[in-house]
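A.B. asks: Line by line, the protein sequences give chains A and B.
The first sequence maps to residues 934 to 1492 in the working numbering.
The second sequence maps to residues -19 to 29 in the working numbering.
These are computed hints drawn from the structure, not numbers from a lab.
This structure is a prediction, so every number in the text was calculated from the model and none was measured.
The beta carbon of each residue, even a glycine, is placed where N, CA and C say it ideally should be.
One thing to keep in mind: the hints can contain errors.
[Unchecked claim] To be clear about the criterion: a stretch of chain B counts as covered by chain A if any three or more of its residues have a C-beta under 8 Å from a C-beta of chain A, and this derived list gives those stretches:
(1) -14 to -8
(2) 0 to 9
[As the list claims (entries may be wrong)] Reference listing, derived: stretches of chain A covered by chain B, where coverage requires no fewer than 3 residues with Cβ under 8 Å from a Cβ of chain B:
(3) 1024 to 1037
(4) 1056 to 1066
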Amino acid sequence: MLDQSQFEICEWGSTSWLFFSENIWGDFIYYSHLFPSLTGLIVALFVFRYSTDSKTAQALLFVTTAFTAWSLIDLFLWASDRPDLIMFAWSSLIYFDLLVYVGSFYFVYAYITEGRPGIWQEIVIFALFIPLFLFAHTELNLLAYDFTNCWREAIEGPLWQWYVYIVEILIALAILVLVILNYHIVPKTKRVELVLVTTGVLLFLALFSLGNILGSIETDWEIGQIGLFGMPILVCFLAYTIVRYEAFKVKILTAEVLFIGTFILLLSILFVRTIENKQVIAMVTLVLFTVLGYLLIRNVRQEVNQREQIERLAVKLEKANVRLKEIDKLKSEFVSIASHQLRSPVTAIRGYASLLLENSYGHMPEAAKDPLTRIEESAKLIATSIEDYLNVSRIEGGNMKYNLSDFSLRDEVEHICDDLRPIALKSGLVLLFRSDIKSRSVVHADIGKTQQIIHNLINNAIKYTKQGSIVVHLKDDTRAKKITVDITDTGIGMNEHTMHTIFQKFERAENANSVNVSGTGLGLYVALQMAKAMEGNITAHSDGDGRGSRFSLTLPLVM
Amino acid sequence: MAVRVLLMLCICSSIGLIYYTKVVLADFIILTNPDGPDTSDYFTEGKEQ
C-alpha cells in the first residue's frame, strides 16, 4: 500500500463520499458520468412504473442500472487514491460493460417479441461470460497498475482489449440481425417505433464502445468519456417514441418531458467546471426548450380545439338524449296502450270460445270443437304474450308495483308443484318436491310476483323436457340469510353461450325449436327483473346441450 | 430464469474473487517510470517492476 510520503510527492487527494476528490481531472468527468446515469434511470423508472410486468420495461431498467453501476464505479476509481481499490474497481468494470450489452439485447428482443430469449440463447449468453469468470481476477484482465509519473491507471490486458470488445461488437450485430429478421413480422404500426428504438440502442452501444476502445488504445480516458453520452441519445429516442407513439403503453405529455429534460440539464450544470462547457450545456438546454416548447404550444392549441369540439358535441348529445328519452317514453306508452287495448278482446275471445266448448249456447257439433279448441289455445297464447309485453313495459317504465309482505315460501312452492303436477304427468314427466330447510322459510316479498316467477320456472322446465323428471328442491342458508328454490330438469339443457344470454330480452335457448315450444323470450327476463326488485336473484346452470338444466331462485330469508 | 440466476451468482462470486486478489492480497504488478521519480519505495505490498 502507499505510504504517507507518496501523497506528498504525487499530491493525490483523499476521497470523500466515494466519488468526490481532487484527483478527478478533466472538464467533463462529473457531467459525463452523472448526467447520463440520471437521465437513463429516470426514463427507465418512469417506463417501469407504468408497466411493471412488461419484459421490455424490465430489460430497460436492467440496462440503465448496469450503465449507472458502470458510471459510478468508473467515477469511484478516478476519485480514489488507492491502487488496490482502483485495480478492483477497474477489473470489476468488465462485467458491467458486458451486462450493458447483454441487457440491450434483452431489451430489443423483448421490444419485438414481448418475451425473453429462449433457454439455448440464454445458455450462449452465459457461455460468453465464462472467460470472465475464469480470468477476470488475473493479469489477462488488467496487466498492471501504471504508476509512471504518479499516474493512477491500469493497463488493460487481452480480456479487455480483445475479448470483451469483440463480444460487444458481436452482440450489437446480433441486435441488428434480430431487428432485420423480425422487421416484417412486427405489425406495421409498430415498425417505425422499432426502427427508432433500435437506432437509439445501437447509437448508444456504438458510442459506449467507441469511447472505451479509443480510451484503451490512446490511453486517453478523457476521450473515453464521450462514450457515456450515448445514454442521453438513447433517452432522446425513447422519449420521442413515448411522446409520439405512446411506446411501452406510456402516456406522457410534452410538458412533462420538457420539465424533466430542462430540470436534468439545469441540475447537471452544477457539475461542470468551466465556463465554456456551461455555455455548451446552455445551448443544448436552449435547443431542447425551443423544440419541446414548440411541440408543447402546438399540443395546447390542439387540445383547446378538441375541447371546443367536445363541448359542441356534448350539447348535441344532450339534445339527442332528451329526444331519445321522449321517443322511448312514447314507445312504452304505445306498447302499454296497445297491450291494454288487445287484452280485453282477447279475453273475450278466450271466454266465449270456452263457453262454446262447454255447450253454454247449445250443443256444438263435433266438427266445430277442434277449431274452437285451437281458438281458445291461441287466445291463451296471445294473452300470455300481452302480459309479458305489459310486464316489460311496466319494468322499463319503473311502474311495476310490489306489495311486499311476509309469507312462507315453502307453502307457496308446494302449492305450485301440486297445481302443475297434473300438467307434468300429462306430458309423461314426474314432478317432485323436496324440502331441506332449517328455518321457517319466511320471505319478505310480493307473493303474487313470487308465485309468477316459480310458476314460470317450473312451467319452462315442463315445456323443455321431453322425458324424465323435474325436481323442485327448497333449501335455506341461515348464516347467509338466504333461501333458494332449485328447479332441476332432465330436458334439453343449455350450452355456455345460451347460459349467458338466456336472461336477456327476446332470448331463447338455441335448441328451443327441438321441442317445438313457442314463446316470446320475455319470461325469464321478466322473472329476473322481478326477483332483483325483491332483492333476490335467478341463476341458470347446465352441463351442456341435452344434459338438463337447473334454475335457482334465491330470496332473502326473514329470520 | 435458472440461467439468469446462475449468471448473477457467478458474477457476484467472481467480483468477490477480484476483491480478494486485488485488495486483500494486493496481487498485481505496479509499473514505475525509470526516468521519473522513483516511486517503488512507496509500496509496502505488491509487486514492482
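A.B. asks: If a hint holds in the structure, say so; if it doesn't, say that too.
C.D. replies: Hints, verified against the model:
Restraint check on the segment -14 to -8 of chain B versus chain A: 4 residues with Cβ-Cβ distances below 8 Å, three needed, restraint holds. For the segment 0 to 9 of chain B, the stated coverage by chain A is satisfied: 7 residues place a CB nearer than 8 Å to a CB of that chain, which reaches the threshold of 3. Coverage of a stretch by a chain is defined here by at least three residues with a beta carbon nearer than 8 Å to that chain's beta carbons; for the segment 1024 to 1037 of chain A and chain B the count is 4, and the condition holds. Beta-carbon proximity to chain B at under 8 Å applies to 6 residues in the segment 1056 to 1066 of chain A; the threshold of 3 is reached and the given coverage holds.
Checked against the numbered hints given earlier, the structure satisfies every one of them.
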